[in-house]
Amino acid sequence: MITVNGETYPWQEGMTVSDALKACNYKFPLIIVRIDGRLIPRDQYAVQPVEDNADIKAFHLISGG
Amino acid sequence: MSCGTKCTVQEMRKAHKVLAEYDYELGKVERGYNNRTLYVNLSDNRIESKAVSQEMKDIFIGGRGFGLKLLWDAVKETTKWNDPENEIIISPGPIGGITQYPGAGKSLVVSISPLTGAIADSNVGGYFGPLLKFSGWDALEIQGKAQADVIVYIDGNSGKVTIEDAPDEEVNSHILAEQLTEMYADSESDKRNVSVVSSGMAGQHSLMGMLNFSFYDVRRKLARLKQAGRGGIGTVFRDKHIKALVVKFSNVKGDSNGPADIERIAKAGLKVHKELHDYDDVQCRMRKQGTAHLPGIAHDYDFLPVHNFRYGSHPEARKVTGIVWEQLFTQGIPDGCWYGCTMGCAKAVDNFMPLTGPYKGERVTVDGPEYETISCCGTNLGIFDPHAIVEINFYVDTYGIDSISFGTATAFAMECFELGLIDKNATGGLDFRFGSALSVLEALHQMARGEGFGRIIGQGVRRMKKHFAEAYGADAQLLADIGMECKGLEYSGYVSKGSLAQQGGYGLTLKGAQHDEAWLIFMDAVNRQIPTFEDKAEALYYFPMFRTWFGLNGLCKLPWNDVEPADNAETDEPAKVPGHVQNYVDIFSGVTGREISKEDIIRMSEAMYDFQRLFNLRLGYGTRVHDDIPYRSQGPVLDVEYLSRADKYDKELKEAVGFDPEGKTVAEKIHALKSYRKDQYEKLKDAVYKRRGWTPDGIPKLETVKRLRIDFPDVVALINKHAK
Amino acid sequence: MKIIGKKPELCTACHACENACSQAWFKVQDIGLSCIEVREAAAGSGKTAVTVCDQCGECIDICPVSAISRQQNSIVRISKKECVGCYSCVGFCPASAMHMHRNQLVPFKCVACGVCTKVCPTGAIYLEEV
Chain D
1 MITVNGETYP WQEGMTVSDA LKACNYKFPL IIVRIDGRLI PRDQYAVQPV
51 EDNADIKAFH LISGG
Chain W
1 MSCGTKCTVQ EMRKAHKVLA EYDYELGKVE RGYNNRTLYV NLSDNRIESK
51 AVSQEMKDIF IGGRGFGLKL LWDAVKETTK WNDPENEIII SPGPIGGITQ
101 YPGAGKSLVV SISPLTGAIA DSNVGGYFGP LLKFSGWDAL EIQGKAQADV
151 IVYIDGNSGK VTIEDAPDEE VNSHILAEQL TEMYADSESD KRNVSVVSSG
201 MAGQHSLMGM LNFSFYDVRR KLARLKQAGR GGIGTVFRDK HIKALVVKFS
251 NVKGDSNGPA DIERIAKAGL KVHKELHDYD DVQCRMRKQG TAHLPGIAHD
301 YDFLPVHNFR YGSHPEARKV TGIVWEQLFT QGIPDGCWYG CTMGCAKAVD
351 NFMPLTGPYK GERVTVDGPE YETISCCGTN LGIFDPHAIV EINFYVDTYG
401 IDSISFGTAT AFAMECFELG LIDKNATGGL DFRFGSALSV LEALHQMARG
451 EGFGRIIGQG VRRMKKHFAE AYGADAQLLA DIGMECKGLE YSGYVSKGSL
501 AQQGGYGLTL KGAQHDEAWL IFMDAVNRQI PTFEDKAEAL YYFPMFRTWF
551 GLNGLCKLPW NDVEPADNAE TDEPAKVPGH VQNYVDIFSG VTGREISKED
601 IIRMSEAMYD FQRLFNLRLG YGTRVHDDIP YRSQGPVLDV EYLSRADKYD
651 KELKEAVGFD PEGKTVAEKI HALKSYRKDQ YEKLKDAVYK RRGWTPDGIP
701 KLETVKRLRI DFPDVVALIN KHAK
Chain E
1 MKIIGKKPEL CTACHACENA CSQAWFKVQD IGLSCIEVRE AAAGSGKTAV
51 TVCDQCGECI DICPVSAISR QQNSIVRISK KECVGCYSCV GFCPASAMHM
101 HRNQLVPFKC VACGVCTKVC PTGAIYLEEV
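Protein chains in written order, with our numbering: chain D, 1 to 65; chain W, 1 to 724; chain E, 1 to 130.
Isolated chain D, as found in the complex (with noise of 0.2 Å):
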C-alpha cells in the first residue's frame, strides 16, 4: 500500500513514480513528488523506485489562463 497526498492506493512490486503518478490518474506535466519527505527530480520519475508503504506527496503547481 501506498500513500499519495494523503489517499491510499495499493502497491506493486516494482513500482515507479511514474507508475504511482499513473494510478491516481495524475496526469499535469507540472507536479513535484517527495517521496517520504524526499524531492526526487523529475527526470527520474520514470526510473525512482516506489517501495512499499511509501508517503508519497504529489504538488501539482499551478498553471493556465
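FYI, nobody ran anything at the bench for these hints, they're computed from the structure. This one's a predicted model, so the numbers in the text were calculated from it and none came from an experiment. Just so you know, even glycine gets a beta-carbon here, dropped at the ideal spot from N, CA and C. Worth double-checking, as some hints may not be accurate.
[Stated by the list, open to error] Listed next, with one range per pair, are the computed distances between beta-carbon atoms:
1) W/Pro696 to D/Gly6: 27 to 33 Å
2) D/Glu7 to W/Glu188: 57 to 63 Å
3) D/Ser18 to E/Asp61: 31 to 37 Å
4) E/Val130 to D/Ala23: 49 to 55 Å
5) E/Glu129 to W/Ala260: 45 to 51 Å
6) W/Asp73 to D/Ser18: 54 to 60 Å
7) D/Asp43 to W/Lys319: 53 to 59 Å
8) W/Glu77 to D/Glu7: 47 to 53 Å
9) W/Arg709 to E/Lys47: 53 to 59 Å
10) W/Glu662 to D/Glu7: 18 to 24 Å
11) E/Ser69 to W/Arg363: 26 to 32 Å
12) D/Gln12 to W/Lys319: 30 to 36 Å
Given the structure of chain D, go ahead and fit chains W and E onto it with the hints provided.
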C-alpha cells in the same frame, strides 16, 4: 457625404470630420512614467492633459491603479454604467512596454460595469498600452458620450490627438482593425506601429460587450486581436458611440520605457527566455498550444465545465484537448501579443471558413481559441466539435462580446431549456438543447443584430434569471442555484464544486466570478496543502494580492507560472514560483529605480485591492452578501449531478457532515450536503475577511486602510458611514 | 556559405580573436562586445569552448518584428533599425552565440567577416565554406 459600406479606406478617411484637435509636446518616458495622463470628453469634445503626482505613483502605481484613481475622482455614488460621467480608462502601468521580459505589454481597462453595476477591470494584450505610453501618456481617460460614432486618434509621432467623426468604417472588429491599421499607417512596415481598440455589433446590443486590442502581425500581415473581455466594457464603449481608439508611435526601441537599469531587466528576461526555450515543450507547451493545453488537464482532474457546470469531465473531451489545437494552430510564428513575449500563447487558426453568419464562406484568421473559449463556448455547451468552437470564437471576437460571459450565459439558457423552465416559445423556435451548435451560432448572430433570443442572452445570467421567473414562471430557487454568476458576472471555465478554496476564489473577488485572482483547485483539492479555513484564507489573501500586482504594472500572469525554473521544486514554496517573483522585484526596481522587496509587491497590491473593494461599496456593493455564489459552484444541484459522483458525495456526508446516506433519497442527500457546504462557505468568508483585515460584513477596517495608506478623507468618510 | 570553423583543442585562450572582433565592430577592445566567445568549457575541465554563430537561422523565426533575416550570401543579419531590443533571439539561440551587452540596445552576432581568424595564432578558428 457618406460612401456607404463599399468605400475604400481613403474615401472613409475623407469622410472623417475633425471634431476636436489637441497638440501636445512629445516627451520621453522616464523610469516607466510620462507623469501625465490624457483626458478626452466626448460630450463636449474636450481634450486635456492631467498631471500625475508622486503620491499617485507611490500608491496607485499605474495600470489598474491609475484607472481606479481616475474613475474614483470622476464618478458619484449614484453613477450608472451608461451615465455620461462613467469612464473608460486604459493604462499600461510602469513596467508595461518593456520588451525584454515576456508578457510585459498589457493594458488595463477600468470602468463601471453594465453587468455588475460595480467596478470592472480587464487585462488585455495587444500594442495599444505600450504605444500609448510611448506617445506620451500614462493613461487614456475617456468620459462623456459622442452624438455619433467617433474615433479618437493619438498620433505619438507628431504629438496630436483628434476626435474624428467616423461614419463609414465597419463596426465589427476583424474588419475595422484592418481598415484603421491601413488608414493610419504610412506603409506596410509602419503597420506594426498602429494599434486599434474596437468592439463590435454585439457590443452595442448586449451588456457583455468586449474590447479588442490589435497588434499587427508582420508575418501574417494582418491586425490580430486580443480581448479585454470581462465586465462589459465594450458595451460602455459603444454606448459612448466610440467606434475605435487608434494610437500610432513609430520608434519602439529597447529603452523606450526609460528604465533606470536596463541590464537588470534584460538579465531577468533572458532567464525566462531560456526556460521557455529549454522546458516549454515538456511543461505546458504554451508556445505551441497556448492555454488550449488545458482542456485535457481539466478533464483529467474533473474541473472541465460540461453542461452548465453540471460535470467536470466528458467522454468526448478528447476531441478538444491540446494536441487537437496544436494541429489547428499555425506553428512557428512568434505569436507574442507584445514584443519579447517568447511564451507566445496568442495562437491563431488561419484560413478558417465560417459556415454561418455574415462572413460565411470567407477566409479569416481566428485569434484563439484559448482555454476559456474552448470550455465556456464549447464543452460547457455540450459542443465538442473544434470547428464549431472556432466559429463561435471568431464571431464573439469580431462582434465584440466576452466569450466567457457569452458561453456561460448560453449554457444557463440551454440548461433552462433542457429542464423545461423555458421552451421554444422563449427561444424563438431555437432548439436549445446541449450540443446544438447551430442554435448557439444563430443566437450569437441575433445578439449582433439586437434581435430575438440572442438579445435576451446578451443581458447576462442575472437578468435572465429574473426574466425567466417573471415571464415564464420558472422556479426562482432553481434558477438561482444553476445560474452561474456572482455579482452579476458570469463564471469562467472551472468547476469549483470539489474545492472550497476555489469557491472562494470565485466568490471572494472584486469584479465577480473570475479566476484571475486565485486558482486554487490543485493546492486545495488535489495536493491537499491547505486543509484548514486559515490555510485557505491565507491562500485567498496571498494569491489575489500577488496577482493584482500584474494589473498595476502592465504585466501578464502567464509567464509567472506557466513555465517553471529548473530549481523551482527545490524552493520553499514552489506554488509561488519564488524565482519568478524575484524577477518581478528586479524588473520593477530596474524600470522605476524604486527598490522594492517581494513583500512590497503584496503591500502595493493590497492597497489597490482594498481601494477597489471600497469603490464597490461606494457604488452600493462590496459587502458580504455580494460575495454569495450559486450553489452549482459549490455542489450538486440535480439528482443526475449527485449520482454522477455519488461515492464521493456519500463519503463526504458520512465522514464530514455526520449524515448517514444509507437508505436516504437523493433529494435528502443533496439537501444535507447543500446545508453543510453552504455553511462551510460562510465560515470561509469569515476566515478570509479576517485575514484581509476586513469586518465580518466584508468591509476593509479603518486600521487596514491606514496601514495601506489609502485613508483619504472620502475613504474614511465612506467607512465611517457604513460603520454606523 | 562561409562560417567560422573551429578546432577548440588548438585554442590557447589568448582572446586575440575576441579583441579583434570587438575592435572591428565596436571600435573598442572589450571581450564582452565580441561576437566570438572563448571560455573554459566547464569549471576545472581545463578545456576551452569556442562559441560562435553557425548561421543556422533559428533566430530568424523567433524575432517578433522580423528584424533578422538571411542575406543573399546566406549570412544571418540583424537590422538595427527594425530591432526592438527584446533579446528573444539571445535566449533562443541553440548555440548561445547571440550576444547582448549593457551598452547595446540591440543584440549582436557573428557575420563571418573573418577578422578573428586572421589574428588566431594557432589556427583554432578559420573561415570555412559549408
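Hints, verified against the model:
1. W/Pro696 to D/Gly6: 27 to 33 Å: The hinted range 27 to 33 Å holds for W/Pro696 and D/Gly6, with Cβ atoms some 32 Å apart.
2. D/Glu7 to W/Glu188: 57 to 63 Å: holds (59 Å)
3. D/Ser18 to E/Asp61: 31 to 37 Å: Hint holds: Cβ distance 33 Å, inside 31 to 37 Å.
4. E/Val130 to D/Ala23: 49 to 55 Å: holds (51 Å)
5. E/Glu129 to W/Ala260: 45 to 51 Å: holds (47 Å)
6. W/Asp73 to D/Ser18: 54 to 60 Å: holds (58 Å)
7. D/Asp43 to W/Lys319: 53 to 59 Å: violated (32 Å)
8. W/Glu77 to D/Glu7: 47 to 53 Å: holds (51 Å)
9. W/Arg709 to E/Lys47: 53 to 59 Å: holds (57 Å)
10. W/Glu662 to D/Glu7: 18 to 24 Å: The hint (18 to 24 Å, Cβ to Cβ) holds, given that W/Glu662 and D/Glu7 are roughly 23 Å apart.
11. E/Ser69 to W/Arg363: 26 to 32 Å: Taking Cβ atoms as reference, E/Ser69 and W/Arg363 lie about 27 Å apart, which means the hint holds.
12. D/Gln12 to W/Lys319: 30 to 36 Å: For D/Gln12 and W/Lys319 the Cβ distance comes to about 33 Å; the hint holds.
The structure is inconsistent with hint 7 alone, although it conforms to all the rest.
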